[in-house]
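Numbering-wise (UniProt numbering), the sequence shown opens with residue 1 and increments by one.
Take these hints with a grain of salt, some might be off.
Below, computed lysine-lysine pairings styled on DSSO-like, alpha-carbon distance capped at 27 Å [said to hold, decoys possible]:
hint	residue 1	residue 2
1	Lys31	Lys95
2	Lys300	Lys31
3	Lys131	Lys300
4	Lys31	Lys131
5	Lys131	Lys95
6	Lys279	Lys300
7	Lys279	Lys31
Bear in mind the hints are in silico, worked out from the structure with no lab data behind them.
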Amino acid sequence: MTPGSGLEQHPLLPWLALQHTRGIGPVRAAKLLEQLGPRWFLSPRLPDCGLSEAQLVQLLTPSWSVLEPLLEWQRQGPARHILSWDHPAYPELLKTLSGAPLLLFVEGDPDALSLPQLAVVGTRHPSYVGKENTRNLVTQLVDVGAAITSGLAIGVDGLGHQAALERGGVTLAVLGSGLEQCYPKRHRRLAGDIVDGGGALISECYPWEAPQAHHFPRRNRIISGLSLGVLVVEAAERSGSLITARFALEQGREVFAIPGAWQNPQAGGCNRLIQQGAKLVCEVNDILEELVAFSTAALKIHPPATEELLPYPDLLDNVGLETTAVDLIASRCQQPVQEVVTRLVELELAGWVESVPGGYVRARRS
């Protein structure tokens with residue numbers, strides 16, 4: 001492709017140039033965007049941003065050789081999209097990250113990237129219990145309106161995608177390869193089902209790029225970056241899922257983990273995460289209660305009822321789980337016995353205390 005083809009002003013060219021300039025990675029690119037804004041390539045302050053002469057030349061050199069095959073890839077399917085950092089469909093939650101991808105390649109519905117998402121990740125070799133936990137929790141998360149995001153890998157990732165689709169939910173898969181090089185190959189049909197189900201396949205790799213080992217840790221930061229939180233179902237202590245959890249912590253996302261028996265090597269990573277402060281998950285409400293503060297409008301979550309004020313807290317503080325005599329309660333509260341008796345009757349009618357031989361005890365509701 002050469003100048004004169006009508007694409008000299010194509011909006012992808014500046015982003016491709018930024019992506020191909022040596023010495024400028026996602027983090028430095030983010031700083032440049034912070035300094036100059038999304039129209040950085042038109043800013044007269046560009047030469048004052050500490051870039052070398054060679055970098056400035058590269059930034060202003062159109063990447064024709066890359067643009068042409070990208071546009072050809074996009075033309076091959078109506079569901080194929082290229083989202084630059086300034087594209088209206090680029091997910092806002094991901095954009096807030098330092099080092100967010102400059103370009104996202106999407107097959108499917110780009111609007112799905114902005115749905116409230118929960119990442120579900122874990123081992124490639126889940127136990128029977130791990131499989132059941134994945135299916136059960138994903139089903140319930142879909143029921144409250146969460147999209148399920150994962151990495152299309154064998155094991156927990158694939159089970160999470162499948163469970164979401166079977167429940168009629170939306171799921172998104174972030175690949176460690178280009179979208180033309182679906183990996184693993186055995187999940188090509190699953191990838192197609194994700195797109196057909198209203199979800200999306202996502203990658204920052206060019207569509208023709210093969211999977212590489214270093215792609216997958218970078219892929220994990222996108223999985224967590226798109227999501228409100230990350231649920232680790234089962235993971236060994238050296239699992240790649242823990243990389244996703246670490247990214248989630250760095251990005252200010254919630255981290256959830258399902259505990260397991262210490263004898264199970266596939267539970268070691270989850271147990272370690274819980275020791276380090278991840279939220280222990282026994283049921284779906286353990287996840288939802290952490291998301292209420294910032295996602296009630298998006299998810300079908302019932303906000304917790306306003307906490308009921310304790311009646312006569314000074315008196316209740318002196319009624320224990322063992323029988324406490326009225327005289328002792330009055331002495332501790334430094335209140336007249338008759339007044340204490342009256343209030344205890346009110347508390348009993350309200351279900352806060354129970355009358356037993358010899359005095360009162362706390363009721364279950366308190």
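Worksheet entry | Hint consistency between Lys131 and Lys95 [alpha-carbon to alpha-carbon, up to 27 Å] | violated (33 Å)
Worksheet item: If you draw a straight line from the CA of Lys279 to the CA of Lys31, is it 27 Å or shorter?
Response: Given pair Lys279, Lys31 is violated - Cα atoms ~33 Å apart, limit 27 Å.
Worksheet entry | 27 Å limit on alpha-carbon distance, applied to hinted pair Lys31 and Lys131 | Roughly 42 Å separates the two Cα atoms, so the pair is violated.
Item to complete: For the pair supplied as a hint, Lys131 and Lys300, confirm whether the alpha-carbon distance does not exceed 27 Å.
Response: holds (25 Å)
Discussion item. Run the distance test for Lys300 versus Lys31: straight-line Cα separation, threshold 27 Å.
Written reply: At roughly 37 Å apart (the allowed maximum being 27 Å), Lys31 and Lys300 break the hint.
Worksheet item: Under the criterion that the straight-line Cα-Cα distance not exceed 27 Å, is the pair Lys31, Lys95 satisfied?
Response: Holds, at about 13 Å.
Worksheet item: Keeping to a limit of 27 Å between CA atoms, is the pair of Lys279 and Lys300 held or broken?
Response: holds (21 Å)
Figure legend: structure checked against the earlier numbered hints; hints not met, in rising order: 2, 4, 5, 7.
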